[in-house]
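*Asks:* So for the first sequence, the working numbering puts the first residue at 2; every next one is plus one.
Treat the hints with care, as some may be off.
Label-pair ranges, simulated between beta-carbon atoms [to be verified]:
id, residue 1, residue 2, range
1, N638, R411, 18 to 28 Å
2, K630, Q706, 26 to 36 Å
3, G672, G29, 40 to 50 Å
4, P11, G711, 27 to 37 Å
5, K541, G314, 30 to 40 Å
6, A584, W145, 42 to 52 Å
7, D713, D169, 29 to 39 Å
8, P11, A663, 19 to 29 Å
9, D170, G314, 42 to 52 Å
10, E487, Y174, 26 to 36 Å
11, K554, E725, 50 to 60 Å
12, K238, D177, 27 to 37 Å
Computed list of lysine-lysine pairs in PhoX-like fashion (alpha-carbon distance at most 25 Å, straight line) [said to hold, decoys possible]:
id, residue 1, residue 2
13, K714, K41
14, K714, K665
15, K41, K630
16, K591, K581
17, K610, K138
18, K688, K10
19, K630, K138
20, K23, K104
21, K610, K534
22, K554, K610
23, K23, K166
24, K138, K591
25, K105, K688
26, K554, K77
27, K554, K24
28, K7, K166
29, K534, K630
30, K688, K610
31, K10, K138
32, K245, K203
33, K368, K201
34, K591, K421
35, K238, K261
36, K714, K23
37, K226, K336
38, K77, K41
39, K368, K304
40, K331, K245
These aren't lab readings, by the way, just hints derived from the structure by calculation.
It should be emphasised that the depicted structure is a prediction, and the values quoted were computed from it without experimental measurement.
From the three backbone atoms N, C-alpha and C, an ideal C-beta is built for every residue, glycine too.
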Amino acid sequence: MDLPDKFLKPYDHTQTEDSLYKKWEESGYLNPDNSPESDKTFSIVLPPPNVTGTLHIGHALGLSIEDIMVRYHRMKGFKTLWVPGTDHASIATQTKVEKELSKKGIRRQDLSREEFISHIEEFAQASHDTIANQVRKMGASVDWSREAYTLDEKRSLAVRTAFKKMYDDGLIYQGDRIINWDPKGQTTISDDEIVYQEEKTKFYYFKYGPFTIGTARPETKFGDKYVVMHPDDARYKEYTHGQKISLEWINGPMEATIIKDENIDMEFGTGVMTITPWHSAVDFEMAERHGLDKEQIIDQYGKLLPIAEEFAGMKISEAREKIIEKLREKGLLVKEEDYTHNIATAERTGATIEPQIMKQWFVAVNKPFKMGESHIEGIATGQEVTLKQLMRHVVERELVSIHPLNRYERVYYSWIDNLKDWNISRQIVFGHRIPIWYKGDELYCGVEAPTGDGWEQDTDTLDTWFSSGTWTFSTLGWPENTKDLEMYHPTSMLETGHDIIFFWVARMILMSTYCIGQIPFENVYFHGLVRDKQGRKMSKSLGNIVDPLDIIKEYGTDALRMSLIVGNGPGNDLNFSDDKVRAYKKFANKLWNISRFILENIGSLDIKKPETLTQNDQSYLDEFEAFSKDVDTDMKNYRYYLASEKLYAYIWHTFADIIIEAKKEALAGGGADSQSAQYMLLTIFKKSCALLHPFMPFITEEIWQSIKSGSDKDLIVHTWPIAE
RNA sequence: GGGCGAUUAGCUCAGUUGGUAGAGCAGUUCGUUUACACCGAAAAGGUCAGGGGUUCAAGUCCCUUAUCGCCCACCA
C-alpha cells in the first residue's frame, strides 16, 4: 500500500488533536439526538467547574475518566449523553473577584450591588471561556448543545421551584439559630465550609463565685450568668439546679444561676463552666434545653458590644489581654496554662469563625413530610419521611452504588447522622436571590415575584450547593417535563473527587429524591487527589502546580490522559510525574510506527478474511479475542486503571514485540501465509485501536482514518469489539 | 476521640474473585539484521513493614504491632 506521508515522521500531536476535536464536534457525534435509536442509555453530567479561574490537573483527571466512560458506552451503542456546564460558585467567585478588584484599588464598598455583580459576571464569563477551551483540549466528548450554567435562566427557575416546593412543605424555614459567621466575608457559611486549624493559646482559670472556671476566650465571658456542672459530680453536690448565687465578675457584682447538665465533661478543667449561648454552638444547645437567656456579646465585625462596658467597641484580639489584666487586678485570675486546640476558620477567607445567633434560612433535615410521587424503591408515594432518611435510604439499598464503597460508606452515614439543619442563606450578592418577598409584615414565597407595589425581595442569596444540588435534573430541563428528563434521568454515573462527597454528592441525592422522587445517579465513582511527584498537595505557595495545558503542549492529550489513568484505582491519590507522561508519549509514537509497518505490508484496507488462516495466525486471533473480553470486563467494572495498563502491555509487548516480529518472514515471503498474516495483523490492530480509543482518543482516531475500510465509520462512533 | 487508607525492585506505583511477584523511570551488557533509537535483545534487582493465624496454597483473607497520610468530631 501507499504510505501516507505523515507516517514518515514521528507522531506529532500538535498536528492532529485540535482538528480532530473540531471534526467530532461539528459532526454531531457528541449529541445523542443524532445517534441510532437504542433502548440503552448512558448519561452523565459534568461536575461543573467553578468559574473562579482555570482548570487544574485534578479536573484533567476527572475529565479523562468521564470521557473514558462516555466513549466506551457510545461505542457500545448506548444513547450516550454527557452534559457540560459550569458553576457560578457564589462565595468562591465573589471572594476571588473582590481580591482582584482590591489589587486594582477598587473597593467593594464603593460599588453598588449591581456594579459589583457586573464585575463578577464579567470575570465569570472570561473564566467560562477558558474552561470551555480546556475541556475541549482534554478531548472530552461532551454535548455542547446542552451546555448549562448553575446561574442561567433555566437553572434559576429550577432553583426557585425547588425552594418554593420545600417552603410549601414546611421544610424551609427562617429562624434565629446559631450559625457560623465569617467576620471577614460578612456572611454565614455552612458547617462543611469550615476548616479547623490548630492554634496554640493560653487557657485561663478564673474565680467565678465559689467555682473556678476555665476558658480560652475570656472576651466572651461578660454576660455569662449560668454556671454549669455535671449532675453526678460529687465535688459540687451541695449545689442544686436552679440555685442562685451572688458573685463578683468582670464588671462588678452579679447573680448567677446553677445549671446541671449531663453534657459536661467532669474530667476537663475543673468540671465547671459558664456558658455563652450567643457565641458557641454547644452552649446554644444547652441554653435551648434549659430555656436560658441568650445575649450577644460580639457584633458582626468582631467587636465587643456595650455589655462589655469599658471594653465596648474593641476588637477581640485587642480586648483579650486587657480583660485578663483587669481580672488579675481584681484577684479573679487563678492561673493560666498553655493550650493547643483547633479553631474554626472560613475555608474561603481564612477568618476565624464567630458563632452568632442570627435570623437565617434553613432546610429542615429531620422534619417529616409527605413524599411526593416516588420512583424510589422502598419509598412509597405519600409516605412520611425526612430528608435525612431519603439520603440514607438510597445508599443503604444500593440504589446509588458508590465506588469504592467500603471507603466512603461509613463516612457518608456518619455525616448524615450528625447533620444539622442546613443553613442556606448567604449575605453575599453573587448567586440565586432567595425567592422571598416582603411588604410590611407580609411575606411571599413564589417562583415569580408577586404582583403589586411595595414588595421587596430578600437580599440574601442561596448557598451555592443549593443550586448545584439540582444539577442532574435541572440540566435536563426540570421543572419542565422534558424528553431529556424522561430519557436520561436518573443519570447513570457521577464521577467526581471524593472531597465533595458531602458538599455535592449528598446534596444532589437530597435534592433529586425530594424534588422529583428519583435518585440522581445510579453510580458514584470517586477519583483521588493529584499530588506532585513527591506526593505533596499542589499549591500556589509550594509553586508545584501543574497546568494541564503545558503538559498537553509538550506531550499531547493522549499521553496526559494515559498517565493519569494507568494504575490509578478509584479513590486513590496519584503522584503526577513527567516521566510517566513521557512514557505514554512514546507509546503514541509506537502506535504510529505500528501503523506504518502494517500499511507498508498489506495489500489493501478492505482485505478479506482468507479461506484458511494459518494455525498460528488463528491462535493469535483467538488470544486477542480472549484479551478483548478481559479488557471489556475491566471496563464494565470501572477498572480503567487495569484495562489501560493491559492495553499498553499487549499492544507494545505482545502485538509489536512478538506477533509483528514473528510475521516479518511470512510477510516478506508472499503467498497464502502472507495473506493470512496481513489479515490477522490488520484485524488485531484495528480492534486494538478501538479498545484503546476511550483512553487515547486522538491518536487512535488519527490512525483510524488511515487504516479503516471504506465502510467503517469514524472511530468515535465505531462499534466496540465486544458486544454488550 | 472516631473512621479510612498506605507500607511490594534504587525511585513512583500496579497486582481485579488467594495459585510460587509486574510496569514506568533510573542503572548494567549487547545490537546501525530497513515499522519505530520516542527502538530492540539479554541480564540484574524484592525474606511483598514486623509478628501470629486460616488454607494443600497468602502480597492477596483474619488478628495484632509499628510508621506515615487523609477525613470527621471537638471540651468550655
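*Asks:* Against this structure, judge whether each hint is valid.
*Replies:* Here's how the hints hold up against the structure:
1. Judged by the Cβ atoms, the range 18 to 28 Å given for N638 and R411 holds: they are separated by roughly 23 Å.
2. For the pair K630 and Q706, the beta carbons lie near 27 Å from each other, so the given range of 26 to 36 Å is met.
3. Look at G672 against G29: about 45 Å separates their beta carbons, and that is inside 40 to 50 Å.
4. Distance hint for P11 and G711: a CB-CB separation of about 28 Å, consistent with the stated range 27 to 37 Å.
5. Between K541 and G314 the CB atoms are about 37 Å apart, so this pair conforms to the stated range of 30 to 40 Å.
6. Take A584 and W145: their Cβ atoms lie about 32 Å apart, and the range 42 to 52 Å is violated.
7. Separation of D713 from D169 is about 56 Å and departs from the stated range, judged on CB atoms against 29 to 39 Å.
8. At roughly 25 Å, the beta-carbon separation of P11 and A663 lies within the given 19 to 29 Å, and the hint holds.
9. Distance hint check: the CB atoms of D170 and G314 are about 44 Å apart, consistent with the given range 42 to 52 Å.
10. Remark: the range hint 26 to 36 Å for E487 to Y174 is upheld by a beta-carbon distance near 33 Å.
11. Take K554 and E725: their Cβ atoms lie about 38 Å apart, and the range 50 to 60 Å is violated.
12. Range check, K238 to D177: Cβ separation about 36 Å, and the 27 to 37 Å hint holds.
13. For the hint pairing K714 with K41, the CA-to-CA distance comes to about 20 Å; that is within 25 Å, so the pair holds.
14. Using a Cα cut-off of 25 Å, the hinted pair K714 and K665 is violated, with the two alpha carbons roughly 30 Å apart.
15. Taken as a hint, the K41 and K630 pair is honoured in the structure, with Cα atoms around 20 Å apart against an allowance of 25 Å.
16. Under the criterion of a C-alpha separation no larger than 25 Å, the hint pairing K591 with K581 is consistent with the structure, at around 15 Å.
17. For a cut-off of 25 Å, the pair hint linking K610 to K138 is broken: about 39 Å separates their Cα positions.
18. With a C-alpha separation of about 24 Å, the suggested pair K688 and K10 falls inside the 25 Å cut-off, and the hint holds.
19. At roughly 31 Å between alpha-carbon atoms, K630 and K138 are farther apart than 25 Å, so this suggested pair is violated.
20. A distance of roughly 38 Å separates the Cα atoms of K23 and K104; the hinted pair therefore is violated under the 25 Å criterion.
21. Taken as a hint, the K610 and K534 pair is broken in the structure, with Cα atoms around 48 Å apart against an allowance of 25 Å.
22. Of the pairs offered as hints, the one joining K554 and K610 is violated, with about 41 Å between alpha carbons and a cut-off of 25 Å exceeded.
23. Between the alpha carbons of K23 and K166 the distance comes to roughly 42 Å, so the proposed pair goes past 25 Å and is violated.
24. In summary, the hint linking K138 to K591 is supported, as the alpha carbons are separated by about 22 Å, within the 25 Å threshold.
25. Note on K105 and K688: the hinted pairing is violated, with a Cα-Cα distance of about 57 Å set against a maximum of 25 Å.
26. At roughly 31 Å between alpha-carbon atoms, K554 and K77 are farther apart than 25 Å, so this suggested pair is violated.
27. Only pairs whose Cα atoms come within 25 Å are accepted, and K554 paired with K24 is accepted, the gap being roughly 20 Å.
28. Restraint check: the Cα-Cα separation between K7 and K166 comes to about 60 Å, which exceeds 25 Å; the hinted pair is violated.
29. With a CA separation close to 34 Å, the supplied pair K534 and K630 exceeds the 25 Å bound.
30. Distance restraint check for K688 and K610: the Cα-Cα separation of roughly 15 Å lies within the 25 Å cut-off, and the hinted pair is therefore satisfied.
31. Using a Cα cut-off of 25 Å, the hinted pair K10 and K138 holds, with the two alpha carbons roughly 23 Å apart.
32. About 30 Å separates the Cα atoms of K245 and K203, which puts this hinted pair outside 25 Å; it is violated.
33. With a C-alpha separation of about 40 Å, the suggested pairing of K368 with K201 is violated against the 25 Å cut-off.
34. As the CA atoms of K591 and K421 are separated by approximately 56 Å, the hinted pair breaks the 25 Å bound.
35. Straight-line distance between C-alpha atoms of K238 and K261 comes to about 10 Å, which keeps the hinted pair within the 25 Å bound.
36. Using a Cα cut-off of 25 Å, the hinted pair K714 and K23 holds, with the two alpha carbons roughly 17 Å apart.
37. The straight-line distance between the Cα atoms of K226 and K336 is roughly 21 Å, inside the 25 Å bound, and the hint therefore holds.
38. A hinted pair counts as satisfied when its Cα atoms are at most 25 Å apart, and K77 with K41 qualifies at roughly 10 Å.
39. Annotation: proposed proximity of K368 to K304 is violated, straight-line Cα distance about 36 Å (limit 25 Å).
40. Simply put, K331 and K245 have alpha-carbon atoms about 22 Å apart, close enough for the 25 Å limit, and the pair holds.
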